[in-house]
Amino acid sequence: MNRGNIPIATPGIRVHPSLTRGFAVAPGLLLAGLGLVAIAAFMLSLAVGSVRIPLDEIVSVLLGGDASKQAWATIVLKFRLPKALTAMLAGAALSVSGLQMQTLFRNPLAGPFVLGISSGASLGVALTVLLAGVAVGLGGSTTLLAGISLAGDTSLALSAIAGSGLVLLLVMSVARKVQSGMTLLILGLMFGYTTSALVSVLIYFSVVERIQAYISWTFGSFGGVTWRQLQVMAPAILVGLAGGHLLMKPLNALLLGETYALSLGLNVRRVRLGIIGTSAVLAGVVTAFCGPIGFLGIAVPHLCRSLLHTSDHRLLLPAVTFMGATLALGADIVAGLPGSQLTLPLNAVTALLGAPVVIWVILRQRNLRQAFAG
Amino acid sequence: MKMNGTVLQTKDLSIGYRRARKAPAVIASDLNFSLRPGELVCLLGPNGAGKSTLMRTLARLQPSLSGQIWLDERPLDDLRPGQLARRLSIVLTDRVDVGAMSGYGLVSLGRHPYTSWTGTMSEQDEQIVQWALQAVRARDLSDRLTVEMSDGERQKVLIARALAQQPRVMLLDEPTAFLDLPRRVEVMDLLRQLASENSQAILLSTHDLDLALRNADRLWLLSADGDLLEGAPEDLILNGAFERVFSAEGVTFDRERGSFHTSQEACGRLRLQGEGVAAFWTRRALERIGYSVEREGENGDSSAFATNLNPPQSVNATVSVRNHDGGLIYFLETEGREEQFATLNALTTYLRRGGAGGEADAKVDEDLYARR
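For the record, the sequence lines run as chains A and B. 141 is the number that my numbering gives to position 141 of the first sequence; each next residue is one higher, with no gaps. 341 is the number that my numbering gives to position 341 of the second sequence; each next residue is one higher, with no gaps.
By construction, these hints were calculated from the structure, which means they are not laboratory data. Some hints could be false.
A few chain A residues that don't get close to chain B, going by computed Cβ distances all over 10 Å [claimed, not checked]: (1) A32; (2) L55; (3) L62; (4) L109; (5) E209; (6) I211; (7) L255; (8) T259; (9) L266; (10) H309.
For each label pair, taking beta carbons as the anchor points, the in silico distance ranges come out as [said to hold, decoys possible]: (11) A:W227 / B:P81: 40 to 48 Å; (12) B:E148 / A:A355: 26 to 34 Å; (13) B:Q134 / A:R270: 51 to 59 Å; (14) B:P81 / A:V208: 53 to 61 Å; (15) A:L166 / B:F178: 40 to 48 Å; (16) A:T183 / B:S116: 26 to 34 Å; (17) B:R18 / A:L189: 27 to 35 Å; (18) B:V26 / A:A355: 49 to 57 Å.
To be clear about the criterion: a stretch of chain A counts as covered by chain B if any three or more of its residues have a C-beta under 8 Å from a C-beta of chain B, and this derived list gives those stretches [stated by the list, open to error]: (19) 240–252; (20) 310–323.
Backbone N, C-alpha and C define an ideal beta-carbon position, used for all residues, glycine too.
If we strip away everything but chain B, and leave its shape as in the complex, we get (with noise of 0.2 Å):
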């Protein structure tokens, strides 16, 4: 099979499980897609759409149902498992506990593919352990041991380990899932530096999408009842896609900022002024407590996807940011009436007691809040 400078390539790939006496479980079928050399590739959809039992499939860690998979321009299932281990290495989302072995050790356990059978690492080995280690960012965990690390820490050596094999390809099933959002971003990061430095393809499966759509060249998208769209993730935003396979009750992505949110109608519309950071974040808190937000100046070219987000309201009040003294004061303008507030916390709790329609007694703790 020609295989156009991709390291992996399905035809008509069906995935499931095989049941006793019944008709397999069917998952996904009629999968077409392929793997270039140095392009990462983020597989997301719903849970159970069956992106772990792909991974395995493509890992032949589970046999597919029908269809082909080649790989490295050989059809998966002729390669022998030694063959297979130096082109094809996974990372699991498994917390691995090895006992007391070093990071170092657990990387070398990588070259399990090429050394003898004694273990014995030749000194090509030993370079190569410290290569991959070097490549994660990871040198200074090659002597502590795995039980001490953190768990991006050892996400890290783990994926080092899957380096060491030195593969074609890499899977790595939900990589960020345990990690905090630094971690996240690092590892996400150093993924798409590694695919693009060693020529390697590198697939993870993620429910981290905010990560994904920065990240990834390319997203399949698998959906629940067994589609896989493919393409960058820009294309599937803009065509929809991610909306359909994503669609549920009370859930909607928003095109417009890249994330979801749970659809609700607007508790009024505010209009905002105010420049950069500050006003991103002050939109942030006043969407977060169920105002519709427009920004001064803006609502004109955004109006394309806008439209169809809530009824017109009229615009009742005006939020404005200002620097003052190196800090921030927030402007509340409601009808003539102005409020300062020192806090968004101090905002908001205004805002959600009844305060942008000019209540009164909703003031109680104006005092508490206020800068004079």
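Just chain A, with the same shape it has in the complex (with noise of 0.2 Å):
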């Protein structure tokens, strides 16, 4: 195999230039950091709401004891656990598609809708909500938000899911005919005109309580999902955080664009297909739970590119799982106001916090092409 003067082995200490350079700590520490971070935000989403709850008191319903008070374990158990799960998951769904997309279409604007997955899950739920007689359950219209029923929520996260999945089969059997990344980016933009026109039309001529059902949707919100709905949602993020893992070295290979990852041996419609493939699934499926939650999908990615100063996507994608993960449960503490009794709209609160973040990061590097990969 060496056919050039590979120099013979020495022993001496291996070095990792590419992995060591601008860390005060190993990437592993951090990367073990980032992970007791998240840790950290699950407890404390589970210990702040309306009521406050002590972290103890916590550990040992968690551990399946008692709380000293009944109401906390059924507050926990029922309620905040459910909750932090759901946006664990979404968090971290969100970020690793969004960082494949940036990767794969080498635009540090990308995120996970970029193929038009929300677009599709919004003409879904706009479908549902907004046609009259069609949604079970929602048919009421006055009580429509009050009665936001297990089976309303079901049928909104049914038409969601008909709606991405079958945007997701229209770009995969693009994908596999189209040659180059950017055709396919530009007709996910396009598909997305399409459907918010359609929403448009509809909304139109729509009555007001069911738009404003509507639009509550496109807030977001992880406090939805059932533990019944987390049956599903966790197994299918679970499968696809799994399948974006398996794809770093592709990533990596996708960096120096496709010409080059394609001499390196890539098969690179496969890959692509596979890239997209879990990037849908992840970013629809919470879309379908949780509404299309926007911005973390492509905050997330910069700030783990700035904090780890790599590309590398062995280090970024399970960076950007912790800190998805993490950021989403801290937009869900702080959208619960802790303390009161109002919530904020999730979307709102995931911008409000973190646009400045980003612009920050991005100043601060003054070179747009060191922020980001590709």
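Build the complex from these two chains, which are given one at a time in their own frames, with help from the hints.
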């Protein structure tokens, strides 16, 4: 195999300059740190809310014991635990999906929704909510918001799944045929415009209450996911995350562009299908159950790159997973306005908190090419 | 197929583009050529002759229209992607933006065809990356981020990346395009050494004729009508192939000096006296402003090529370069009159104002230039 004048093995310390540059600590420790922060955020999100519950009580409830107040156990197990798990899964899923899209399209503005996944879901939900008589359990007009029952929730999720699944199939069939990623990006954008136009038409002809129900779905929320729905959502996202991590080597090769990737022996079409497939499942499932949650998917990869000073997906993928989970939990905690009975729309919180952070990171880098890979 | 010591060989190869519901656009056809280990071959040709198409076809980035390509004694199309990547690597013209990645990280991407699905580098992989960086004299770039590198540094790292694939054949598409002259000389020199040190075949396309003529073991000349002529650079010049391929309106190839110039009537003839570097550059300056220059004592031996250049004109002036006080002084002698100039700028300015004709009023700035 060795055709060149390869030096004979010399014993000594193996350095990975590519991995250690710019780190005060080893990248492994940094990843472990990110993981710990995610766990801390998870515990915090269980503790705070309209009622404050002490941490030791939460631990005891989580370990199957009793809390000193029965209500606390109920609050933690029935509301806060599924919500926190949903937030973690959704944050991780959107961030991994966003990272994949940014690398695949070599575009810092790409995110989980560039392929029109969320537009498809929106159209599904809009059809269900806005078209009279279609949605079961949503028929009663005035009590609509108050009466978002299990049935209503499930039908929203189902219609979102149908919408995003349809887009997924469409995108996959196009992706198998087109040559360049850029074509795909433009097609995704155009699809987004078309669906939002259809949604506008639906809204225009709808009654106010139903519009309100649709809009409240577009605000996004981690709170609406029940244990039953989590049984579907969690495995789907875990499979998607695992699939995303399997693609770390092809993603690194794609940093050089598709031609170089091809010359490195990569089956670019198959890899592209794999990336689009996992990414669409991740984004589609989250959108179906939580609504179109913006911003996280675009911002988290940028934050991780500037934190780790690397474009290496072997580090970025786990980092993005942890940081996505942490930030989603954080946004949810802030949106819950701890200590008050009010809540803010989740999407407003992610953008209000996230945009300044990303602006700061990118301005500090002075060079966008450095801030993003590709 | 018997390769007879070649690593890459083509038989009746046609290159071009397939088009939907139309006959394919053929760029060149019936190409028969080979690459041998250890040689540096430069692919030259006018714009649009199909240099990039040929490179892309050889790298299997686009299909050939007909004919066969053998790489390492196997038909190119029979190789699996990973096998091909271990035999052939490329360096493209496009600028590569990999974001926050060190030189080392970029070069280690070249180990892609050899590593497992995680991309984890074995000790041997890491040694090969170090070796590749060393081979292009870029060990110091190992820790630098690629975004912080100059074009020349980045090009060296990209060559190291291609080297890390340990290929039999390396294809480089205009590797010197964005580099300044010293960097171009350095990269060409490097490639020639790499080819012979590692017994690799290196094929590069370039517009840099001068460097190609000086460094290539062989040239492939792709003409605009789809012919490929190959041979040692000197052979191709002497048999006139070079002139044919690059013949274009108003530009001719000067075999005598191995460079192109626009063909225009000489505005006069000068005799040049002087020696060495100073005489060489004086001649360049005089030719630049349109004079046909005859070296003292040289007019006999190079007349084989010189005869057809210009109609003979009477030599009416002599320029001589002399050393004086550690500097150079230029003398212009016309019909018994002699002028002195401190710089070639002064001399050419004077000549351009018609000085050689002996018009006195052209000497207005004489005091400004002449050194007494």
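Using the C-beta atoms of L166 of chain A and F178 of chain B, is the stated range 40 to 48 Å upheld? For L166 of chain A and F178 of chain B the Cβ distance comes to about 46 Å; the hint holds.
With respect to the beta-carbon atoms only, verify the hint that W227 of chain A and P81 of chain B lie 40 to 48 Å apart. Given about 46 Å between the Cβ atoms, the range holds.
Cβ separation of T183 of chain A and S116 of chain B, checked against the hinted range 26 to 34 Å: Hint holds: Cβ distance 32 Å, inside 26 to 34 Å.
Assertion that L55 of chain A lies farther than 10 Å from chain B (Cβ): holds, 37 Å
Take a look at whether the Cβ-Cβ distance between P81 of chain B and V208 of chain A falls inside 53 to 61 Å. About 58 Å separates the Cβ atoms of P81 of chain B and V208 of chain A, which means 53 to 61 Å holds.
Looking only at beta-carbon atoms, does the pair E148 of chain B, A355 of chain A fall within the given range of 26 to 34 Å? holds, 28 Å
Given the range 49 to 57 Å, decide if the beta-carbon distance of V26 of chain B to A355 of chain A lies inside it. holds, 54 Å
Within 8 Å of chain B's CB atoms, at least three CB atoms from the segment 310–323 of chain A: coverage verdict: That given contact holds, which follows from 4 residues of the segment 310–323 of chain A lying within Cβ reach (below 8 Å) of chain B.
Taking 51 to 59 Å as the stated bounds, is the beta-carbon spacing between Q134 of chain B and R270 of chain A within them? At 35 Å between Cβs, range violated.
Does the no-contact call for H309 of chain A survive, Cβ to all of chain B over 10 Å? Violated: least Cβ distance 5 Å, not greater than 10 Å.
Does I211 of chain A sit more than 10 Å from chain B, CB to CB? holds, 42 Å
Taking C-beta pairs only, is T259 of chain A more than 10 Å away from all of chain B? violated, 6 Å
The structure fails to meet hints 7, 8, 9, 10 and 13 from the earlier list, while all remaining hints are met.
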